Amino acid sequence: MAQKTVEFTLGRNPEMGVDGRPTMSPLAPIDLPEPDFESQNMLVNFGPQHPATHGVLRLVCELDGETLVRCIPHIGYLHSSFEKLAEYRTWNQIVPLTDRMDYLAPLIYNCAHVMSVEAMMGIEVTERCKLTRVIMMELDRVFGHLLWLGTFAMDAGAFTPFLYTFTEREKIYRLHEAYTGARITTSATRVGGMMSDMPEGWPKGIRDFCNGLPKTLDECETLLNTNGILLGRTLGVGTISGEDALNYGFTGANLRASGVAYDVRKDQPYYDYETYDFEIPIGEHGDCYDRYLCRMEEMRQSLRILHQALDRLEKATGPMDVPDPRISLPSKTDCMNDMESMIHHFKLITEGIHAPPGESYFPVEASKGELGMYVVSDGGTKPVRWRVRPPSFVNLSVLPKLLEGHLIADLIMINASIDIVLGEIDR
Amino acid sequence: MADEKSSFDAVAQGPVPSPDEEAPDTGGGVPLLLHPSVEALKAKFGVANLHHQVVAGDQHVVFIPAERNVEILRWLRDDPDQRYDLLRDVTAVDYGVGRPLQVVYQIFSLTHKRALRVKCELPLDALEIESVYHLWKAANWLEREVYDLFGITFVGHPDLRRILMPDDYEEGHPLRKDFPLRGRFSRAEQTRQALSQDLGHYYILEEIEIGGESQALPPTVSEMEAEAAEKAAEEA
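Residue numbers (the numbering used here), protein chains in the order written: chain A, 1 to 427; chain B, 1001 to 1236.
Excised from the complex, chain A in its bound form (with noise of 0.2 Å):
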């Protein structure tokens, strides 16, 4: 057996004594130069490369030794003008725009876009497919806030929790997949409805992971909420007080770890969410570990809500989509045996849902924040403009305001706790 030989080249450490041994001796004294207080300030720049902004965010740093004096963040690098691309498409084929924007919850993006289209169009969805939209939207509250504790943890140096997180999101991912074919990219829903009829054993599904999921969010708060790393690197870190917070545009857990009890879900319901029994977490400080607190209160507390609707699932009967058909597409069986519901079918798709000329707002509380959708129609079958209203884009705009004046290490804290996504962002 041919042997392999390693060479060490082994360097002699200055201070160690002749013998190899290290010297006893005390440091001696070094003459450092007179330190230079009137030096100028340093630019470096962070990303847009870079792991800890996560995505293609760049920030431009003007540094005083190690203080922030100024961040200027440069976004763009994502921008795919989904807004422009909405213009020339139906109202059904901008759902898969919707999921591309926000892809660590998707469901509530493609959701809130349906929601604001039939607010204009003045549809009521039946009570089947409202539940099966709360169900998906809180699932993916927790989707969402699931990879934002795992890479917040990890920004703070814990790995563990970034495994255990990204545990759980798996068996959401296979929920998507269950339900629409596609792990990230769902577009689950259309207009008047959703893309089908939920498959069997899905509800049972969801009811699984949703008690399997406090186990996950226990251990991780053992792991986290004492952390003597964690607790170092958040208390009193990016601090907001609650009414800078709202002047600046804050909405979801950043508003409300600044103790401002703002939720669409209960300040503008939608699709009966006053009929739930559920809280709203709020802080108290408005720092990065009363941010960290109040996502992981939201989890639990969604929790609470996919079970209450699961419950009213099993009750509710009748179609998913509304019977209208100039809105929901006839049956594949029809389509296939008689002309009549072929031609419709055709119409449908190859037109489009023609909707009358107005406008809509639809707010609908995000995983990030306050997602609006502004849809307006000039009664074509294509948006005049379509607008979201992106939850990061207003609450990174914050950043440079809670960055100012802190340690250029904190920065990465701050931009965790933040919880953006860049999609969305740039759109």
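It should be emphasised that the hints constitute simulated quantities derived from the structure, not laboratory data.
A portion of the hints provided could be inaccurate.
Said to hold, decoys possible - Covered stretches of chain A, going by a simulated chain B footprint (3 or more residues, C-beta under 8 Å):
id	stretch
1	114 to 125
2	134 to 146
3	194 to 206
4	382 to 396
5	412 to 419
Stated by the list, open to error - So these bits of chain B aren't anywhere near chain A, every CB distance computed over 10 Å:
id	residue
6	Ala1043
7	Val1070
8	Val1104
9	Pro1123
10	Asn1140
11	Leu1164
12	Ser1196
Just so you know, these numbers come straight off a predicted model, no measurement behind them.
Backbone N, C-alpha and C define an ideal beta-carbon position, used for all residues, glycine too.
We have chain A already, so just place chain B on it with the hints.
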């Protein structure tokens, strides 16, 4: 079994209003849907200046003159009966065919749990409107985005730069209806420009050469806040 005849007829007729969305019952001339803020606005600023719409069932839109936007929005924010303390969104709508651009403010009052949409119309040859940054700091990036994508100038904005498109983007403002979907320049020209870019296209040179004065950097947050506070005090 074939579809019921009536449902097929509905398809053939094309777009007709859905039977679900009837016009709100006006109850003998008095509209049932009154928005307290709109009524207060009418009383305070005069009916002639305001145009009120109800869309999508219960969403209220009020059109205000563009030159008085700060005055009216400030009143909506500060008046104790209104208290619109959250600026949800600032955006614009271009209907094309030379129609004026609409600047849309979505505001929400946490105190009274009330939403309102305020619109200003700007003719295409005068795309300028006062910035509301000093009222709501949330307007900072939202106004920059409208400036970037629609070319509307927000007077008094402390840091009005392009935000989504590159700083040196030359083709215009993409969300305007006169902007073609594939861009104004030909594909060959776009490729040529992309290939001829140097470092200066990716980085603002002044930012790289910080050794000199930091003259070209955008203002810091505290500078912007101080400026806004000064302006707010001046107006009040």
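Does the no-contact call for Asn1140 of chain B survive, Cβ to all of chain A over 10 Å? Nearest chain A Cβ is 6 Å from Asn1140 of chain B, so the label is violated.
Is the listed coverage of the stretch 382 to 396 of chain A by chain B valid when you require three or more residues with a beta carbon under 8 Å from a beta carbon of that chain? Satisfied; 7 residues make the cut.
Under a C-beta cut-off of less than 8 Å, do 3 or more residues of the stretch 134 to 146 of chain A approach chain B closely enough to confirm the stated coverage? Violated - the stretch 134 to 146 of chain A has 0 residues with a Cβ nearer than 8 Å to chain B, which falls short of three.
Minimum Cβ-Cβ distance from Val1104 of chain B to chain A exceeds 10 Å: 7 Å, violated
Are 3 or more residues of the stretch 194 to 206 of chain A near chain B, judged by a Cβ distance of less than 8 Å? With 0 residues close enough to chain B, the hint is violated.
Do three or more residues from the stretch 114 to 125 of chain A put their C-beta atoms closer than 8 Å to C-beta atoms of chain B? Our answer is that it holds, as 6 residues pass the Cβ test (under 8 Å) against chain B, meeting three.
Given as non-interface: Val1070 of chain B, which should sit over 10 Å from chain A by C-beta: Label holds. Min Cβ-Cβ 16 Å, cutoff 10 Å.
Does Pro1123 of chain B clear chain A by more than 10 Å, comparing its Cβ with all Cβ atoms of that chain? 18 Å, holds
Leu1164 of chain B non-interfacial with respect to chain A [C-beta, more than 10 Å]: 4 Å, violated
Coverage of the stretch 412 to 419 of chain A by chain B, judged on three or more residues with CB within 8 Å: violated (count 0)
So Ala1043 of chain B supposedly isn't at the interface. Is its beta-carbon more than 10 Å from every beta-carbon in chain A? 25 Å, holds
Would the least Cβ to Cβ distance between Ser1196 of chain B and chain A come out above 10 Å? 20 Å, holds
Of the numbered hints listed earlier, those contradicted by the structure are 2, 3, 5, 8, 10, 11.
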